[in-house]
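These protein sequence lines map, in sequence, to chains L and P. Those letters in the first sequence? Residues 1 to 146, by our numbering. Those letters in the second sequence? Residues 1 to 146, by our numbering.
Careful: at least some of the hints might be erroneous.
Unchecked claim - Calculated pairs, BS3-like style, for lysine-lysine (alpha carbon to alpha carbon, straight line, at most 27 Å):
hint: 1; chain 1: L; residue 1: 48; chain 2: P; residue 2: 48
hint: 2; chain 1: L; residue 1: 6; chain 2: P; residue 2: 6
hint: 3; chain 1: P; residue 1: 50; chain 2: P; residue 2: 106
hint: 4; chain 1: L; residue 1: 106; chain 2: L; residue 2: 51
hint: 5; chain 1: L; residue 1: 106; chain 2: P; residue 2: 48
hint: 6; chain 1: L; residue 1: 6; chain 2: P; residue 2: 106
Keep in mind the hints are simulated off the structure, nothing from the lab. In this text the structure is predicted, and so the values were computed from the model without any measurement.
There are 2 protein chains.
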Amino acid sequence: MRISTKGRYGLRALIDIAVNSETEPVSISSIGERQSVSTSYLEQLISKMKKAGFLDSVRGVNGGYMLARAPEEISIGDVLRTLEDGLTPANCLGDECGSADFCVEKVVWERINESVNAAVDSLWLQDLIQAQKEFQNEVERENCTL
Amino acid sequence: MRISTKGRYGLRALIDIAVNSETEPVSISSIGERQSVSTSYLEQLISKMKKAGFLDSVRGVNGGYMLARAPEEISIGDVLRTLEDGLTPANCLGDECGSADFCVEKVVWERINESVNAAVDSLWLQDLIQAQKEFQNEVERENCTL
DNA sequence: TAATACCATAGTAGTTAACTAGGATTTAAA
DNA sequence: TTTAAATCCTAGTTAACTACTATGGTATTA
Numbered sequence: 001m002r003i004s005t006k007g008r009y010g011l012r013a014l015i016d017i018a019v020n021s022e023t024e025p026v027s028i029s030s031i032g033e034r035q036s037v038s039t040s041y042l043e044q045l046i047s048k049m050k051k052a053g054f055l056d057s058v059r060g061v062n063g064g065y066m067l068a069r070a071p072e073e074i075s076i077g078d079v080l081r082t083l084e085d086g087l088t089p090a091n092c093l094g095d096e097c098g099s100a101d102f103c104v105e106k107v108v109w110e111r112i113n114e115s116v117n118a119a120v121d122s123l124w125l126q127d128l129i130q131a132q133k134e135f136q137n138e139v140e141r142e143n144c145t146l
Numbered sequence: 001m002r003i004s005t006k007g008r009y010g011l012r013a014l015i016d017i018a019v020n021s022e023t024e025p026v027s028i029s030s031i032g033e034r035q036s037v038s039t040s041y042l043e044q045l046i047s048k049m050k051k052a053g054f055l056d057s058v059r060g061v062n063g064g065y066m067l068a069r070a071p072e073e074i075s076i077g078d079v080l081r082t083l084e085d086g087l088t089p090a091n092c093l094g095d096e097c098g099s100a101d102f103c104v105e106k107v108v109w110e111r112i113n114e115s116v117n118a119a120v121d122s123l124w125l126q127d128l129i130q131a132q133k134e135f136q137n138e139v140e141r142e143n144c145t146l
């Protein structure tokens with residue numbers, strides 16, 4: 001069970017935009033440089049987030065992206081579901097389904113599903129921005145050794 | 001984000017053994033027939049569960065597997081972590097790690113992780129056996145249309 | 001005019017999941 | 001004592017998918 005780079009890079013890009021768009025819109029190329037991700041790949045992810053209503057854009061020279069809503073109002077759950085095309089852990093829709101034995105697993109998957117959604121729905125972009133600020137304030141910061 | 005066939009087939013096999021081992025050990029070939037999974041693949045999954053202490057075995061003719069503990073004492077969390085080699089949604093261990101930006105994501109992954117583990121740790125094999133019995137008791141059972 | 005968003009789709013390389021293959025060992029039963 | 005049914009063990013193979021990359025544009029605007 002894992003979350004793909006879509007979720008990871010997309011979320012990072014969103015945080016990047018939130019942090020850097022105070023004075024002017026943030027271009028994809030500048031995000032790409034900071035995050036070391038190709039502009040082409042970022043384009044795909046950011047486009048999804050714009051369509052989903054998390055971002056606004058300005059076209060033309062000096063254009064770029066900015067948040068469409070306050071970071072307190074952007075749910076990480078909504079963002080991840082957008083980027084990952086849903087977060088459900090397994091599909092109970094395949095051709096196997098319909099067998100009595102199989103459907104018992106529904107109990108498990110539903111419980112996991114509910115719990116994952118509840119976890120990410122109680123997190124907001126603002127929380128992550130805050131966490132990042134705190135992290136950066138640690139001057140002698142320890143490496144991430146989770 | 002998904003759970004692999006290891007978790008699915010393995011869990012099904014465990015339920016199968018629990019249900020069918022009252023009089024004699026359950027052979028891999030009989031599970032394979034009931035669940036439509038190859039014996040070779042099942043072997044690997046069941047072997048893991050045996051090593052993890054959920055199953056006992058009897059070798060030789062008429063041998064097979066049975067639960068090593070009561071189904072009330074087998075946690076679905078333990079089983080899935082065994083089968084899937086952990087349930088963590090992403091690794092914060094790669095070479096990217098160490099960058100300040102990246103580690104913000106830890107907040108998200110940790111929260112998901114805790115919540116998934118809590119969900120499956122509060123489910124026990126007995127609960128699934130019970131759910132299966134109830135399911136089968138519905139004589140006119142509706143198809144699984146989750 | 002150049003920098004940007006916006007759009008679509010195809011290709012491709014690497015990784016991983018999902019299985020397959022083949023044999024060694026144990027043991028009840030013929 | 002032989003046989004066949006079973007567990008046990010380790011590799012190998014294949015198919016799907018992820019994670020990009022590439023291409024080639026059009027539209028917009030400082």
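Do the hints match the structure? See the list:
Of the supplied pair hints, the one linking residue 48 of chain L and residue 48 of chain P is violated, its CA atoms being roughly 41 Å apart against a limit of 27 Å. This hinted pair checks out: residue 6 of chain L and residue 6 of chain P have alpha carbons roughly 24 Å apart, not beyond 27 Å. Restraint check for residue 50 of chain P and residue 106 of chain P: the C-alpha separation of about 33 Å exceeds 27 Å, so the hint is violated. At most 27 Å may separate the alpha-carbon atoms for a hinted pair to count; residue 106 of chain L and residue 51 of chain L exceed this at roughly 32 Å.
Distance restraint check for residue 106 of chain L and residue 48 of chain P: the Cα-Cα separation of roughly 23 Å lies within the 27 Å cut-off, and the hinted pair is therefore satisfied. Straight-line distance between C-alpha atoms of residue 6 of chain L and residue 106 of chain P comes to about 16 Å, which keeps the hinted pair within the 27 Å bound.
Hint check: violations occur at hints 1, 3 and 4; the rest are consistent with the structure.
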